[in-house]
Every structure is written in structure tokens, then in C-alpha cells.
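So the chains spell out like this:
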Amino acid sequence: MHRTGSGGVKKLVQRTVDILQSADVDYGEVRAELIRTENTDFRNARLDDCRTVETQGVGIRVLVNGSWGFAACTGLERDDIEAAAARAVEIAGAAGGRGKVELAPLDIQQGVYTGPCRKDPFEVPREDKIALLQQVSDDMMKDPRIKSSQARLWFEKRNRVIGTTRGDLIETDLIFTQPDVMATAVAGGDAQSRSMQDGARIAGWEWIEQSGIASWGEKAREEALMKVLADESPSGRMDLLLDGLHLSLTMHESVGHPTESDRALGWEANMAGRTFVKLSDQGSLRYGSSLVNFLADNTLPYGVATWGWDDDLVPGQKWYTVKNGIFQEFGSVRETALLIGKQASRGCCRAMDTQCFPINRQPNFYLEPPDNGVTPEELASDIDHGIWIEGRGSFSIDQRRENFQFGGDLFWEIKNGKKTRPLKKVIYRSRTPEFWSSLDGIADRKFFRTMGLLTCGKGEPGQSARMTHGASYCRFRGIEVGGGR
Amino acid sequence: MTKQEMLAFVQAAVEASGTTDSIAVLTENRNASVRFGQNKITQNMDVFKRELQLTVGDGSKQATVTSQRIDHSALAEIASEARNLLDTSTPDPEYMPPVEGGQVYPVIDEAWDEFTGECPAAPRMETVGKLIDTAEENNMKAAGICWMQNNQTAVATSTGNLAAHRYTSAGLSFTMDRGLASSRTFLKGTAWAELEVDPEIQKVVEQVEMDENATDVPPGDYKLILEPQATWNLLMFLPWIMSARLADEGTSVFSGMEGKKITGENFSLSSSLYGTPPAIPFNTEGLPSRDVVWIEKGVLKNLPCDRFTAQKTGRPPLFVPETMDMAGGEGSVEDLVAGVDRGILIRRFWYIRFVDQKTLKLTGMTRDGVFLVENGKIVRPLKDFRWNWRPLELFSRILRIGKSVQRAAGMVPPVVIAEQHYPFTDQEGSSEVPGT
Chain A
199 MHRTGSGGVK
209 KLVQRTVDIL
219 QSADVDYGEV
229 RAELIRTENT
239 DFRNARLDDC
249 RTVETQGVGI
259 RVLVNGSWGF
269 AACTGLERDD
279 IEAAAARAVE
289 IAGAAGGRGK
299 VELAPLDIQQ
309 GVYTGPCRKD
319 PFEVPREDKI
329 ALLQQVSDDM
339 MKDPRIKSSQ
349 ARLWFEKRNR
359 VIGTTRGDLI
369 ETDLIFTQPD
379 VMATAVAGGD
389 AQSRSMQDGA
399 RIAGWEWIEQ
409 SGIASWGEKA
419 REEALMKVLA
429 DESPSGRMDL
439 LLDGLHLSLT
449 MHESVGHPTE
459 SDRALGWEAN
469 MAGRTFVKLS
479 DQGSLRYGSS
489 LVNFLADNTL
499 PYGVATWGWD
509 DDLVPGQKWY
519 TVKNGIFQEF
529 GSVRETALLI
539 GKQASRGCCR
549 AMDTQCFPIN
559 RQPNFYLEPP
569 DNGVTPEELA
579 SDIDHGIWIE
589 GRGSFSIDQR
599 RENFQFGGDL
609 FWEIKNGKKT
619 RPLKKVIYRS
629 RTPEFWSSLD
639 GIADRKFFRT
649 MGLLTCGKGE
659 PGQSARMTHG
669 ASYCRFRGIE
679 VGGGR
Chain B
22 MTKQEMLAFV
32 QAAVEASGTT
42 DSIAVLTENR
52 NASVRFGQNK
62 ITQNMDVFKR
72 ELQLTVGDGS
82 KQATVTSQRI
92 DHSALAEIAS
102 EARNLLDTST
112 PDPEYMPPVE
122 GGQVYPVIDE
132 AWDEFTGECP
142 AAPRMETVGK
152 LIDTAEENNM
162 KAAGICWMQN
172 NQTAVATSTG
182 NLAAHRYTSA
192 GLSFTMDRGL
202 ASSRTFLKGT
212 AWAELEVDPE
222 IQKVVEQVEM
232 DENATDVPPG
242 DYKLILEPQA
252 TWNLLMFLPW
262 IMSARLADEG
272 TSVFSGMEGK
282 KITGENFSLS
292 SSLYGTPPAI
302 PFNTEGLPSR
312 DVVWIEKGVL
322 KNLPCDRFTA
332 QKTGRPPLFV
342 PETMDMAGGE
352 GSVEDLVAGV
362 DRGILIRRFW
372 YIRFVDQKTL
382 KLTGMTRDGV
392 FLVENGKIVR
402 PLKDFRWNWR
412 PLELFSRILR
422 IGKSVQRAAG
432 MVPPVVIAEQ
442 HYPFTDQEGS
452 SEVPGT
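The listed protein sequences derive, respectively, from chains A and B.
When you read off a place in the first sequence, starting at 1, and then add 198, the result is the number in this note's numbering.
When you read off a place in the second sequence, starting at 1, and then add 21, the result is the number in this note's numbering.
Source of the hints: derived by calculation from the structure; they are not laboratory data.
Misleading hints may appear alongside valid ones.
[Said to hold, decoys possible] The calculated label-pair distances, taken between Cβ atoms and stated as ranges, are: (1) B:GLU233 x A:ASP222: 45 to 53 Å; (2) A:ALA542 x B:ASN234: 35 to 43 Å; (3) B:MET22 x A:ASN522: 35 to 43 Å; (4) B:ASN287 x A:GLU280: 28 to 36 Å; (5) A:ALA281 x B:ASP237: 50 to 58 Å; (6) B:ALA143 x A:GLY410: 39 to 47 Å; (7) B:ALA143 x A:ASP224: 29 to 37 Å; (8) B:ASP219 x A:LEU427: 34 to 42 Å; (9) A:PRO432 x B:GLU279: 31 to 39 Å; (10) A:ARG484 x B:ASP237: 54 to 62 Å.
Given the structure is predicted, the values throughout are model-derived calculations rather than measurements.
The beta carbon of each residue, even a glycine, is placed where N, CA and C say it ideally should be.
Input sequences plus hints: build the corresponding full structure.
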């Protein structure tokens, strides 16, 4: 387990909370973070970027007469933090009561959460990391038709302390680890890429060892070549067999975003957009077939949204977003919970860093896999004509999160129940409830795969958030497929 | 920090590096903004950030450390960490030393406005209050953001280059809606005083009223009238993949196209130091910005080119200096609409992504206003729709170009594009997915 020394940060937070107490705010919250990242990036088999980034700062959020004020500074200098506290109080007061904020109740929170990490990646010799990436990169570049390659290891150590004028005080220590590999093949006037997409985990170097990255270079090379030489997609309505990595993005866009409470309330109407799901749909909207169970889980081991508490200090929870195909409940924060008719927040409030105001984000969530022993091949055996898709590719969805188009990373045609020739440039289009209602088969949980996403963009000014999604192979009937030429 | 303090700090960082090659970049910015949604203020923010990036090299390899400890006493430790990283790095066959000393940087004082740089809260609150009141008076909901920013940056290289620059930005972006009818606008300038807020609020209210009771787009042939925001949404994908390196690797639509025609003759794209918005006068390597013509009368003249590729291929090292203009013409959106017999007016696009990078094929949706135009008049609103297009093909078929206005990072005009057949989802087939 990893721990960052943070006694000084706790004192600094407590001292700033005291300043807010004396300013007589209705609610005051001080969030301090120490973040260290290490990036080692190979491009075309040469060390292209080798860097560390150390960020530290404090974000202060206060409520005055129902209006938020938020100010932040980088560094941990006392004068800067006191100035930020004063600015937060001042601008909250300047809002003139146009905020109307009412927070859902929450018991006082105190404690420490440390994410799982068996081997601190910052303790692994950099020479070992460079040697690993060099080998993976060399494997990709062995074929002259691979014109571009990337291999990257990224690690982050994040220590967060939050204190409030209510008496809350929590601390989290997390380590994030992400390997990335991508090869691009050029042949026959075309260029196609293949990437390894399991993404990030809250874990240490053990995730690098488990990921199998040492073999990814050869795999990316061969599959990029297979892809660039493949036939292009057929068009028409057909069945799809989609793997967990692919579905991670589909569910992120068509389930995760539409079920964020701030969208339903119209707060994202100018940027990320609204949602087709209405507040009155909770507990009644048919979102998918009876096989569809989306389980939100901010306690998921190694899930990148498993932080112990969110930035509202609400503990991580587990709940059904969709149960037996019926939409259950929006993901919420303390500010939105009462507005959507709930008595407590689901703990979806997070900021990218101390420079950002925390907003409603997606939790970790996944399509619950069954214990049915079914294999992907058995699902394919009942498909006359369809496409087998693995991994993520092109993606786009309307602002109400209903009309979407997705690509993928690897494709094969399914003919008469068999996986046959490889394809490229496959895209499919559908509408959210119709798509999830067309799901009629899920493979056994042993085929379940997760993807940890670090870069979900939302908010103004823009900020990114992290969450993990997952699924086993799923079969969808009668989806419109078009060529991505 | 004052300009002198920033310059002194980056010089001290270079001196502390202890390596033959080094580059220090210090940035400082304050961003004060008010965010609102559903006719109430949801976020009220004032954020200050300061950061040092120190890159060190030994003639064969390099390493970079970024830190937010902006304190002269921290420099020795930051430099030591950078050297430790450097020691464990491996030689880079593409290593480039810092740019030669004696670089001359353009001075762009027009980028700073004193009032905006102070980031006072009252004008933002007043504007947002007015906007929310107008929305409520019209039974509409308003959401958006209103901001003021100041930014400073300084760069020093071990080869003796030293420069600083500062700029301000003010903006207002908001959407009003009533049911499914909506409209959005975006105002941006170097100075708060440049924002013409009142007429824009009224215009958006009128546009929401026009957007009510939208119907599906009937199949058929339509000219496309793109408002400046829609033009910008397509245009911004060009700099993302305009790269000499990608072209040489054969992975981009620009491979083998330098000096060749890639759009119609009425399409030109350039970056101007004193454009709108003004350029940043140098990049993080300490290379001076310059005026560049990227596409001239349809011919690809230049591609952004990193210094290694430039040295290898004989191209000039070039980068987009945070501003890019598409050449405009005469006439407003209304003037363009008046000249179209049958067309679709599109206010903006949303969620554009690559379908095929090699051919620069994109997909996306319309958002916040689509209208049927017949005989020079807007006749009714249409529902949003999905499209799959190649923007270089669209820019090869521009019939008319209107007067440019500022969008996020450049000046862009409204345009009229020759007939397209709806549905727009595939050239080779039709979409069965209707709009929303």
C-alpha cells in the first residue's frame, strides 16, 4: 500500500477551514491535492517524451445565501490560499442569491481511503520501463508497413485532503496506472491503426504485469496489418456481436451521460447537452431488453472512479442505473439529489483537480454479466449475417444522447454462424433505447472486460473525469451498418 | 508576477538546470467565470494557476519536469529531478537542441486589455442577471458561461533567447431553450468591452421562437448554408491533422498533397500575427510565430512542421500560433439565405469525430437550430440530423462566402455549399435513423 506524507497538508486544510468559519459562510469546503505523474512515451521506437509533472493546489468552495463561490490557486503558499479563500467568499456574495442551492443531507465524514497498489510504479526503475517500451516498440516496427507506432506508460500518484466547516475531514491516496500501445499500418493507399485499450486502473505496477503489454507490440503490428488489408464493410441491417472493450464506450455515451442528473436539470444545455431521459422516467422508462442490468459501482476494485468519497464527501456506493431493462435512477450529487426527488446523493461529484469546480460525473458502471457458461462463439452461431466488433473506434452521439454512430477497432464478418473474413471501416448507427432493447444475448462473466477511461470531457471551463466501464460479449439484432469510407 | 519577475524566473530556471541545453517556460493565468443553467447561477469561479516547465538536454536526449512550486528556492530541486530523468533516458535520434539564440519575437501588445485583466466580478454578474431575466420574461431557460481571463507566459532558452507575452480574453457563450426549441451564441474578444451582449440576447430569443415545432428533413437536394459557428466546427479539424510528419508517414489526407489543390479556389486558410484573436508570439520551444498561409486559393501551401522533420525534409519549421482565419467575403447570414432557392441553414454542429482519418471523413450532428430555406426565406425549423461528410469536399463546392466573424480561435465566415442529397449519413446509402 502506498501513502504520501500529508500531515502538513491536513493542517493547511484545517487552517483554511478555520478562515472560512470566521467568514461566516453557510458551508465551506477546502480541497487540497498533491499530484505527481510520470509519462514515458515512445514514438516510432524512440523515446519521444520523458517527463514528470508535479501539481499541487487548493480549491475552496463556499455557499453564501444559496450561491456557490469557488476559488483556487496552485502551490501551497499560505498567502495565496488565504487570498483564494477571500475571493471565494466575495464572489459567492456577489451572486446576489441567484444560486438557490440546497444540499442533500449527509452524515459527517471522516477517514482515510487508500487505493489498491501492490507495487508502487514510482519505485520501479525507469530503465526497466524504458526497456519494456523499447521492446514493444521494436516489435511493432518490425514490418516496414508499420509507419507509426506509440507505446506509453503513464502513472499518477494522487493525495487528496478535503475538510469542511461541518467538521468533515477525509484523505485519499490513489495510484493510477495506464499502459498504451498503438500501431498504424499503411498499405494499398490506406492507413489503419490498432490499439490496445484496456485503459487505466487504480493499481500499481502489477497492472502493467497483468496487462500482458510485453506481447502487445507483436499483436498490434499483426492486427494493424490484417486491418489495413481487410475488405471494407458491407452495408445494411444486420446483427452485431460486440466485446466488452467496445461496449465500454457505447455504454459510456448512451447510458452514462444520459443518466447524469445535471443534464436532466438542464445545467449542461450550453455545453455537454441535455438528455432524452426525463426526471419522471425514474423507475419506469424501458431502456433496454430484460437482459440489461447496468450496475453503477464506485466501490469497484481498481475502478478509476473508486476514490472512497466523491468531492462532496459522499461515500462510494453501488446501485442499479438500469434493472431488468428499466431505468432506475440518475447519478446525482448533493446539489441535484433533492431536485430529482431523492433524499441523498449517489456520490457522483468530482473535479478534475483543485483548479476545477466539482460537477456531476458518471460513476464506474458496467453491464452485469451472467453466470451462463455461454461463449462468444455460441452467440455468433445464431447469427446469419452480422459483424463481430472488438475495441473502440469512431464515436458520435447527439446532445440528447439518443442518436448515435459508432465504429470499432477490429472487425470480422459473421456468416451462417461463423466468424469469417476480417473487415475494416465498419460503422453502425442506432438510437439508445432501440439499441439496448435489441440486446438478446450476453456471454458468461469469464469474458467480462473493463476499460478505465481517464478523459471524459464535460463542463465549462472544460474538465476531464475518470470512470471504468465493462461488459461481456453481447449480441444485438438488426442494427443499421454503413461503410465508414 | 510582473513581466520582469517572470523573465527573471525563467532565466534562473535555465541557469539552475546544470545542463548544456535547457528551456524554461513559465505560465500564469487567472480565469474568472460565472456558469449558469436553468435560469440560476450554478458555478461562480475565480481560479489562479502558475506553472513552470523545465526541459533539459545533453545533446543526445532530453527530459521535462513540470512543477507548480514557483519559488526561486525550489529551482535547484526541480532541476535536479530533471537531470535525474535525463540520466535514465535513452538517446533520441530525433534530438534537437534549443533554437538558436538571437531569435526575434513579434510584439503583440494588442492582445492585452487592462480592465479585462483585472477580472472584476460585477460586469459578469450583471450580464448573467440580465440574461436570466430575459429568459424568464420569455418563458425560456438559459444556460451558459461568462468569463474574463488574463494570461502571461515567459520563455528562456540556454541559447540566450528570452521573451514574455501577456493577453486577455473575455467571452459569453449561452443557450436559451423552450422545450425542444433552442439557440446558442458565442461572443469572444480580447476585451470585455468588445462583447455586444444586448443585441445578441435579443437575437437568441428570436431564434428560439423560430425553432419551435421542428419537423423531419424531407429527402431531397439542398444547398447548405453554414453559419460561422458551423463553419468553425468543421474547420477546426484541419489543424488537428495538418502535420508534415503525418503527411510523410502516409497516414493523413494531406499525404503527397503539398502544392496541390485540395479545395475550391475560393477557400483560403492562414494564420496572422495581428489577426483576431492575435497570435501568441512564440511557442514553448522559443520559436517565433510568423504569418503563414496554409491553403491559398485551394492549394495546400504549408503544413505545420516540427523542427526535426523540417531539418530532415527542408521544410520551414512551422506551427499554428493559436489563431487561424478562413478568408471571408461580403454579406451576412441573412444575405446568404436571401440568395438560396432551396437549402438548409445550419447554426452549429456537435460531437464531430473522425470516421476515417486517411480521407478526413467526419461524422457529427446538428444542434441548436436547423432551418428549411425556400426562395430566399427561412420557412420552417427542421429536426437535428446526423451527417458523414468530408470537409475538404464541402470546401471544394462553396458557392458563396459571407463576412467573417470571430469564433474560438479565428475569423470564419458563413458559407453556402452546393447541393447535397439528404439523408447525409453515407454517400453510398441512406440512413434509417431519423433526427432527434
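Hint check results:
1. B:GLU233 x A:ASP222: 45 to 53 Å: 46 Å, holds
2. A:ALA542 x B:ASN234: 35 to 43 Å: 40 Å, holds
3. B:MET22 x A:ASN522: 35 to 43 Å: 59 Å, violated
4. B:ASN287 x A:GLU280: 28 to 36 Å: 57 Å, violated
5. A:ALA281 x B:ASP237: 50 to 58 Å: Check passed, 55 Å falls within 50 to 58 Å.
6. B:ALA143 x A:GLY410: 39 to 47 Å: 58 Å, violated
7. B:ALA143 x A:ASP224: 29 to 37 Å: 22 Å, violated
8. B:ASP219 x A:LEU427: 34 to 42 Å: With Cβ atoms ~60 Å apart, the hint is violated.
9. A:PRO432 x B:GLU279: 31 to 39 Å: 36 Å, holds
10. A:ARG484 x B:ASP237: 54 to 62 Å: 24 Å, violated
The structure does not agree with the numbered hints 3, 4, 6, 7, 8 and 10 stated previously, though it agrees with the rest.
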